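Chains C and D, in that order, are what the protein sequence lines are. Residues 1 to 279 in this note's numbering are what the first sequence spells out, letter by letter. Residues 1 to 491 in this note's numbering are what the second sequence spells out, letter by letter.
Calculated from the structure, these hints are not laboratory results. Mixed in with the good hints there might be a few duds.
What the hints assert, rightly or not - Covered by chain D, per the in silico footprint, the following chain C stretches (three or more residues, Cβ under 8 Å):
no.: 1; region: 121-127
no.: 2; region: 133-140
no.: 3; region: 147-155
no.: 4; region: 221-235
As the structure is a computational prediction, the values presented were derived from the model and not from experiment. Don't be surprised by glycine CBs; every beta carbon is placed ideally from N, CA and C.
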Amino acid sequence: MDEHSTHVSAEPAAGPAASQPSAENASPGQGPPTTQGRVIIRTVGLKKSYLMKDVVTEALRGVDVHILTGEFIAVMGPSGSGKSTFFNMIGALDSPTTGRVFIDEVDVAQLTAEELAYLRCHKIGYIFQSYNLIKYMTALENVTTPMAFGGVRPDEARERGMDLLDIVGLKDRWHHRPIEMSGGQQQRVAIARSLANRPSVLLCDEPTGNLDLRTGQEILDILKRLNEKQNVTIICATHDHRMMNMCDRLMWIRDGQIERLARRDEVHIEVGSIGGQTE
Amino acid sequence: MKQITLAEQPWLGVGRTVKVTADGIRYRLFRASVTVAVIAVAVAFLMNILSESLIKRSIATNTRERIARMRLVYSWSAKLTNPGSPESILHDLAGSPEGSSLYREIQTHGKLSDSDIGTFHRGAVQAITYLEFFNDLDYAKRRAMIHTARGIQVFHRLRDEKGMKQFRTALSQIKSVRFITPFEDLEQFLAGVPALEDHAARVLQGRRQAIAQISRALGSRQVLEALVDAEGAFGATVRQAGFVFDETDVAPIVADQAQRLLDVIRLEKTMDSEKCRQLIAQQANVMPADVNVVMMWGYLDGARFATRYLSRMQDSGIDTSGLNVERVTELASARDETAALLDAERLTMDAGSGFMGLGDRLAWLLFVSLLVCGIGICNAMLMTVTERFTEIATLKCLGALDGFIMLMFVLESSILGVVGGVIGAILGALIGLGRMLVAFGVNFVRAIPVGDMLLGMLASVIMGMLLAAVAAVLPSYKAARLAPMEAMRIE
């Protein structure tokens, strides 16, 4: 077993202050496993704690990670490991207690509300476990809403929306509302929506969590195709083992820290346990 | 640190915003309709009060005009028989602006030159102002200042040195009263009092002569009987005597009213006839001795009884010339109308006071109802916001600006406000109309101020919209400020 290689850079044992790599030498430390070049998301000493009543819960305890363009990363970890919190941080949906998130080398904490909205609209696509489509809009309207926010003209938005629905295979159902579609179809609409403004990063929070095996596979196929053909960076929180067969890198989070970060070909996958670790 | 190169997010077009909002409302139609109902009730209440006060005010004006017309004949018969007093002349003159008919009439009767009547008019206005000051005082204060003097005597007393001294002493002792003009003005006015009295006496003299002329023309007739001829020879005599008796506006009304009064008197006289009383007694199933005028008018309303009554009058040898069934029934219903007018005058006594002519109590009620409505809308919008946390979070993930989220909710509330406002305004106007018709009767349909009511409805709709929009500001602000993930976590 060679998982304790240089690819794992966020040492659980090290304190957050000590483990902050400088921006200059960060890339070699992360051990870029794939061929693509640019760093798209970088976190530095990411920490987040929630205050509930009088108890401080530390959801993230110092996470440093580099994600490159065109990568497909699967994030795994048990419930309550801080997976979702990590997602919200790198998706600019929540602000860290300490530490920094750089998206496309821009410090998220320094953005105004308008710039944040622009960032969410243009740079990042979100896919949720519960689809989160707007219930009173048709499939096409759901897909074109981010374009409208981005200032795309209606007729152009409509055209692009239809193309996107075509990609996910729902072109003929563009006028259906979410309630009239199955879970898999809704998730496909959500994928089309997340691609509306040609984002550089796709954040998926358990995209197959609510779906059966076959529809889940369809969704995974679509994601893989997007990653390969359109070079979209995909970060995917999942419990789905099939995801690991197609991703470039695997990341385990436990107790708010990165437990392991490895390239797929370095990980031995068995049923029930992965690389000697049970999930 | 790398330069931030992000652009600002553009605003979503109004059309798209409205469409998104409208779709949202359609999707939650039931909740929306409840909110609309809340707004509609509040606006209906507002509109109801508004329309009632508008109608009431209009009826009050209408009633006063109609009553004044009705009383024209009384005022003219009084004028043609009684010259009045110096005080009444001062009062008449002070109340009539230069060039009005009464003004000209006084000038003619007093044979006053243009400059004289001008001085007289100014003096009269001052005199009436001073007299009103004294009239408004309570008895003790008045007695302390001018003893028991009344009218013109007040000025006589004040011209006297002793009287003036008493007045000034009393005035300086009574702290609660302030005199209306400087003392120099009063003294200047008092100096002009003899001239004023002289003018008044001349007018009085002229009036006496004119009345003498009229009474010669009357001969043995009562003035009321003569006024029936107001449009003919008698009217000419009146004008000749120096009265300004307008041929087209006043004379026809006076003549008509005089005829009416004579007919009414004639019909009421039939109560003296035993046979006529018996007819009514049969009808009412009472003893003939208990029959009264009110019963008679009550039955004369119907054409059948009126016919029978007229023939009974002829049987009893009473002159019925000029009276027919139509006339009698018309007189009977006019009596009802008069009663309705007097009722209306009494009911509209308070119209036009307080805020927007509503009266203090209603204005307060209105304020409270709007407050309750506002809180109701606020609550409804808060509920809507709470149940849409996921949607808000999703929209923010898709790049919605805080302003858009806020606008969406305020717009939603405003749309509900307009719909509720329209429903409420129509409802309130109808209820107000119905209530006023029941209270005043159909006699006043023409007095309903349609234009004002439409304006009031417009104002109510706008009020409803504003109320809804303002009530939505707080919930929508709350919604807009949510961090996307916070909202999803709450879900």
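Here is how each hint holds up against the structure:
no., hint, in the structure
1, 121-127, "holds (count 3)"
2, 133-140, "holds (count 5)"
3, 147-155, "holds (count 5)"
4, 221-235, "violated (count 0)"
Consistency note: the structure conflicts with earlier hint 4 alone.
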